[in-house]
Each structure stands twice: as structure tokens, then as C-alpha cells.
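From these two lone chains plus the hints, build me the complex, please.
Given next are the chains, with one letter for each unit.
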Amino acid sequence: MLEWLDLLPKDIAERIDDPSSVTEVRLRAGKRTTISRGGSYAAIGREADMHDLQAALSVATERSVYAAETLLAQGFLTYKGGVRIGICGECVYKSGKLAAYRNASSLCIRVPHEVDFCDRRLERVLNAFENTLIVSPPGAGKTTLLRYIVKRLSQSGANVLAIDERNEISASVDGIPTADVGPNTDVVLFAAKRDGYAEAVRAMRPDVIATDELFGKHEVDCIVDAVRCGVKVVATVHSDSVVKVLSDNIYGQLGAVTRYYVTLRGRGVIETVYDGAKKNCIL
Amino acid sequence: MIVGAALFVCCAYAGFGISAYYRKRYLFFAAMTEYIDALASGISYAKTPLPKLTRAFADGKRGDAAQLLAKFADNAASGEGAKCEQKFLSAFERKTIEEFLDSLGRYDSETQLAELARHRSIIVPIAKDCEEKYRKTGKLAAKLGILIGIAVMLALA
Numbered sequence: 000m001l002e003w004l005d006l007l008p009k010d011i012a013e014r015i016d017d018p019s020s021v022t023e024v025r026l027r028a029g030k031r032t033t034i035s036r037g038g039s040y041a042a043i044g045r046e047a048d049m050h051d052l053q054a055a056l057s058v059a060t061e062r063s064v065y066a067a068e069t070l071l072a073q074g075f076l077t078y079k080g081g082v083r084i085g086i087c088g089e090c091v092y093k094s095g096k097l098a099a100y101r102n103a104s105s106l107c108i109r110v111p112h113e114v115d116f117c118d119r120r121l122e123r124v125l126n127a128f129e130n131t132l133i134v135s136p137p138g139a140g141k142t143t144l145l146r147y148i149v150k151r152l153s154q155s156g157a158n159v160l161a162i163d164e165r166n167e168i169s170a171s172v173d174g175i176p177t178a179d180v181g182p183n184t185d186v187v188l189f190a191a192k193r194d195g196y197a198e199a200v201r202a203m204r205p206d207v208i209a210t211d212e213l214f215g216k217h218e219v220d221c222i223v224d225a226v227r228c229g230v231k232v233v234a235t236v237h238s239d240s241v242v243k244v245l246s247d248n249i250y251g252q253l254g255a256v257t258r259y260y261v262t263l264r265g266r267g268v269i270e271t272v273y274d275g276a277k278k279n280c281i282l
Numbered sequence: 000m001i002v003g004a005a006l007f008v009c010c011a012y013a014g015f016g017i018s019a020y021y022r023k024r025y026l027f028f029a030a031m032t033e034y035i036d037a038l039a040s041g042i043s044y045a046k047t048p049l050p051k052l053t054r055a056f057a058d059g060k061r062g063d064a065a066q067l068l069a070k071f072a073d074n075a076a077s078g079e080g081a082k083c084e085q086k087f088l089s090a091f092e093r094k095t096i097e098e099f100l101d102s103l104g105r106y107d108s109e110t111q112l113a114e115l116a117r118h119r120s121i122i123v124p125i126a127k128d129c130e131e132k133y134r135k136t137g138k139l140a141a142k143l144g145i146l147i148g149i150a151v152m153l154a155l156a
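Protein chains in written order, with numbering that gives the first Met the number 0: chain A, 0 to 282; chain B, 0 to 156.
No lab work stands behind these hints: they were computed from the structure.
Possibly wrong hints are sitting among the right ones.
Claimed, not checked - With a cut-off of at most 25 Å between alpha-carbon atoms, the simulated SDA-like pairs for lysine to any residue come out as follows:
(1) K231/A - V242/A
(2) K51/B - D173/A
(3) K46/B - K231/A
(4) K96/A - A39/B
(5) K51/B - I175/A
If we strip away everything but chain B, and leave its shape as in the complex, we get (with noise of 0.2 Å):
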């Protein structure tokens, strides 16, 4: 009983963490795609700094994404940028945000516009396809981790 209850448990476990993996990159492909068109307009408007632009999207924000940003907005205002370290990131997509946040506030508001335009044409793919594969295989993983983990209890009881 005991044996099939940890059982239970480890499948469940394995099953939310499939699930989770696949939440926290779309989570973070959704708010890089909500940080472009924050971006699009305060460049296009308003002119706002990077930094205070940049803040000011992910203050109270919660998540992979908006640490990243908050790190990134500490650096842009000395003139540096921020690495994406994110481990639940594939090297391409870690490369991709890397380059996308290199290009931020470099350019005439413009060749700004137009960079911000390529990336996004880059990254919106991405995260529809994390969100896709959230819905499906995330959603899916969590469910079967708790059916395989009572099936085994059942088959151990």
C-alpha cells in the first residue's frame, strides 16, 4: 500500500513537472510577446527610455520573464545587457531572446521599430507553438501522470 501510495505520488510528481516545464516556457514566450508590443508602443509614442519602459512592464509582474526584464532594465541603464540563463529554454530560444534584447535601444526609433518587428516575426512562432504544446502535451502530461500513478496503485493494491 505504502509502495503504491509513493508510487502515486512520483508518477503525479513526474506528470506536474512535464506539465510545469511546459507552462513556464509558455508563460515566458507570452510575456516576451506582450513585452515587443509594450515596446512598439512606448517607442513609437512616447519615447520612453528603456529602462523606464522596461520596468515599468515588469514591475509586479510574476515569472521567468519579468526577472529577466527587471535584471535587464538594471543593466540597460549603464549601457549593458542581460544574459538568458533560462534552463527550461532550448540554446536556439536562449540565443534568439539574447539577441533580441541586444538590439533593444541601439537604433533610431525606426531601425528600432523595424529590429522590433524581426524579432517579434521570430518569437511569436515560438510562443504560439509553447502554447500549443502547453495546451496539448503540458495539460495531457499532468492528467496521465495522475492516471498512470493510479493505475499502478490499483495494479500494486
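For reference, chain A alone in the conformation it holds in the complex (with noise of 0.2 Å):
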């Protein structure tokens, strides 16, 4: 699962010790490449270039930017093992709509980790599984904490239908999940998620859907109408805390339809689990 380090220059790649732990990589142009292990940042190597990042984006793609141009319009892109390459650079717009980006001058290398969440509130949301909306900000474990929620439900025997926008739920390759999603977990890749739940939940008669990084009031709307359907959902959504989503005219409507939040506090670490029925914290 080192396949990453393809990525960086050699000489860089080189410098990073125990690799297996890092968690996360950011090159920049004319900077130095900082590494993140869950925690704060470390500068290594050398400064970045233009053409490092060039590299990397050829590696990613197999030098086949034509064939990734669907994700680099969402500027990312996705390798293998379920990391995700974030880029900034300049946009690129065509009949108004954002096309690509050129000229990357960053990267954000994220690189997924399987972690067991052994904890006694999360066992009691996964025993009598409702509505669940993970809750953190950026980098504190939501997609880890989703694909291990995936992984119980579908080894409880309930099928998990994941909508896999980013492929970082499952790290598929090929079409095939290399992430441990249960051996009852459908995955639709990189599929917009109002197709996802429209055509999905029709065809695979899921019980649950899983779906990362809720965006906007097209995709809480998707929840409520999937909801609305008799299937349950666990999703992620990005804010500090549970309070704001739920005040906010968006994504407040995710509380009519939502039993449990989950808040991280660091990388594997839950904070709280809100029982929204019972209006309290479970302990």
C-alpha cells in the first residue's frame, strides 16, 4: 500500500521515514514538501517544482490526463489505494463551466488508513444502526470512521450501498474495492451522488447508504429523499461542530432525519456520539 510514494520525486520519497504512517503529503511549487503523520506538519527534502508536479499528476493518471478530466474538473484525482490527490492551480473554464486545472503549483496527497474504532458509544449506534451523520473538520477521520461503520453494517449482514464519489470509501482499482468494505457493501464509483441515490437505490434495494462529504442543498435534499424511501444513510459531512450544522438553513435539515452525530476528535479518536432522539449524549 506504498504505491504512493510513486508520486513524489525519488529523492524525496527517499527521505521519508516509516511511510506506512504517513498520512498525508503536500507539494508545493517552490516550496518544501511538508508530511502529515495525523498530526502537524513536517517539512522534508527538498523544494518543490513545477515539473514535480507534473510528474506526479503523469503518474496519477497514467499519462492520460484526457482519460481523468471528469475528476480534475472537481480538482482531484484518485490513485491507487484509495489516495486522493487534491490540486490547486489555475482553472480552466469552458462554455462557463470549470474544465480542469493547469499549471498545478499544489498537491494535497492523502493517503487513507484502516483504522478499528473500539469504542463502547459507536458499538451502540452499530447494534441498532439509524440515521447517522459523522461530523468534523477537515483531516480528523471522517472517511475512516464511514468505511468502518460500512465495513460492520455489511458484515452484519445488512447491504451497504456506497456512493463512492471520490473512491475513497473503497480505494477501488479496477472497479474492485481494496479497502475492507464488508462482503455486503455494493460500491457506485465516482458517480455524482444525486445519480448515485436515484439509480442506485432503485436497482440494489439497499438498507443502508453510505455516502462521504454531504456538499450543498442538492445533496442534503438526496438525503431527505432517500430517507423518505425507508433506507437508511450514514454520511460525512465537514464543520467543528454539531450545533452549526444543525442551525444552519442547509444542512438543518439533515436534524429531522438524522438519530445519531458522530464528532471526531483527532484521527481514530470519537469525541461524542449525540443520540438525537433521546437529546443526549450516549456515554
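Structure below.
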């Protein structure tokens, strides 16, 4: 699972001690590369240049930018092992729509890790599963927890449908999940949520839908709609507090359909599990 | 008699050598033109990744172009290109091919197709010229080699 090292210039990759513990690498043109192991960032190696970034993108796309343009237009790429590469650069618009990024100046390479969440509160949620929302700021491990919940629900016999818009949940290679998402999980890859819900709910008849990073009214509407169809949902949303989510004009709608709210303190550490029905935190 | 036979062989060899040179150039550029067309179709519709597309094209084919493209496909997966070192090409032609290969896989499909069309407009005239030269000069050289060889042999007899 260290294929992501191929994305880095050799001299920089060689300077990383214990690469298996790295969770994020940031390559910035004209700046030193920084790495994180789930906490603060440390600078390593020399300054990266535009050529290094271009080479990384070339490796990530197997030198086939045209084949990855749909993802590139959303500002990211995926690589083997569920690695996600966020891209910053000049935006190229075609017919008024963002078509691509060129002259990438920054790359954020995020390396997924599987974590076993040994948490009594989470076990209670999993044992009597209802709609659940995972809330935390970026980088705290939402996707890791989501993947863990998907695996556990799937292992318990539920048919789980993972709408994996960015291939971060299943880390699929050639359509086959490489991350352990359980024996009863179906994965819709790279589909916008609206398509994933509408088509897959009809076609796959899932018990639970799992999806990452809700963003905007349309996606919230999709969740509400799926719940109306009788499907349970586990989803993640970026925020630093449940109160902020519920008081928001758009995301506040989720309050009407969500039973459990899980917040994270850091990678692999659950902060609180709030039961929306009982209006208290599970202890 | 032996000297005559040896000279015949030399002349015929030279004639076939010249013919082979033109044939190689003709086949090389014909294959590159075919490759450009395969790319245009693969990029427009299936959006097949470049290494897979190139390997599918080169597999089962023989010749210098197939060899170069197979090497290019292997290197492309790791983000690198391939150096065109075919000795039967001029420096300008080698540079043209290298620039063409270097342009592949670096753009969105629309720009990539435009780039392909641009390179096609450079490579196709070379391919046509090579075909014409092979048909005229190449085949003639082979025939002339044999004829001159026979003439020399007869003159010495």
C-alpha cells in the first residue's frame, strides 16, 4: 500500500521515514514538501518545482490526463490504494463550466488508513443502527470512520450501498474495492450523489446508503429523499460542531432525519456520540 | 566467374538494402499514422488510458514503430516518454516523432484531439512522401541492383 510514494520525486520519497504512518503529503511548487502523520506537518527534502508536480499528475493519471478530466474538473484525482490527490492551479473554464486545472501549483496527497474504532458508544450505534451523521473538520478521520461503519454494517448482514464519489471509501482499482468494506457492500464509483441515489436505490435495494462529504442543498435533499424511501443513511459532513450543522439553513434539514451524530477529535478518536431522539450524548 | 558472382551479390545486396531502407521508413510512418487515428478514436469515445491504448495498438504488430510504441507504453505508465532512436529517420523526423509522443496524455480530451490533428498534419505528408519514395525509388533500387549485378556479371564473363 505504499504505491503513493511513486507520486513523489525519488529524492524526496527516500527521505520519508516509516512511510506507512504518513497520512498526508503536500507538494507545493517553490516550497519544501511537508508530511503529516495525523498531526502537525514536518518539512522534508528540497523545494518541489512545477516539474515535480507535473510528474506526479502524470503518474497519477498514467499519463492520460484526458481520461481523468471529469475528476480533474472537480479538483482531484485518485490513485492506487484509495489515495486522493487534491489539486490547486489555474482554473480552465469551457462554456462557463470549470473544465480542468492546469499549471498545478499545489498537490495534497491524502493516504487512507484503516482504523479499528474500539468505542463502546459507537458499538451502541452499530447494534441498533439508525441514520447517522459524522461531523468533523477536514482531516479528522471522517472517511476512515465511515469506511469502518460500512464494513461493520456489511459484516452484520446489511446490504450497504457506498456512493463513493471520490473513490475514498472503497479505494477501488479497476472497479474492485481494495479497502475492506465488508462482504455485503456494493460500490457506486465516481457518480455524483444525485445519480447514485436515484439509480442505485432503485436498482440495488440497499438497506443502508453510505456517502462521504455532503456538500450543498442538492446533496442534503438527496439524503432526505433516500430516508423517505425507507433506506438508512450514514454520511459525513465538514463542520466543527453539530450545533453549527443543525442551525444552518441548508444542513439543518438533516436534523429531521438523523438519529445519531458522531464527532471526531482526531484520527481514530471519537469525541461524542449524540442521540438526536433522546437528545443526549451516549456515555 | 567467382568475381562476377560476388559482384552480382554485392549489387543485389546494395539494391535490396536501399529498398529496405525506404520500406522501413514507409512502414514506420504508415504505422504512426494508423496509431494517430487509433488514438483519436480511443480518446474521443472510450477515453482509454494511453498505456492501454498504445499497448493494444502495438501488440501483435512487428516493425520499428510497434517496438517504439511498446516501449513508449511501458514508460508512459510511470509518466515518462520514449526516445526515438531509429537510425533510418532524419534528425528532423526523430524530433517530430518525439514531440508527437511527448504531447500525448498531457491534455484534456479536446486539447489532446487538437494536438493529435496538428501532429497528424505534420506526419501524414511525411508518410505520403515515404510511400511514394518507396514505391518509386525503393522498388527501383531493388530491381536496379539485380540488373546491374547481372550486367556486371555478364561483362566479366
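Right, here's what the structure says about each hint:
Pair hint K231/A plus V242/A holds up; C-alpha atoms about 22 Å apart against a cutoff of 25 Å. This hinted pair checks out: K51/B and D173/A have alpha carbons roughly 13 Å apart, not beyond 25 Å. For a cut-off of 25 Å, the pair hint linking K46/B to K231/A is broken: about 36 Å separates their Cα positions. For a cut-off of 25 Å, the pair hint linking K96/A to A39/B stands: about 24 Å separates their Cα positions.
Restraint check: the Cα-Cα separation between K51/B and I175/A comes to about 18 Å, which is no more than 25 Å; the hinted pair holds.
The structure does not agree with numbered hint 3 stated previously, though it agrees with all others.
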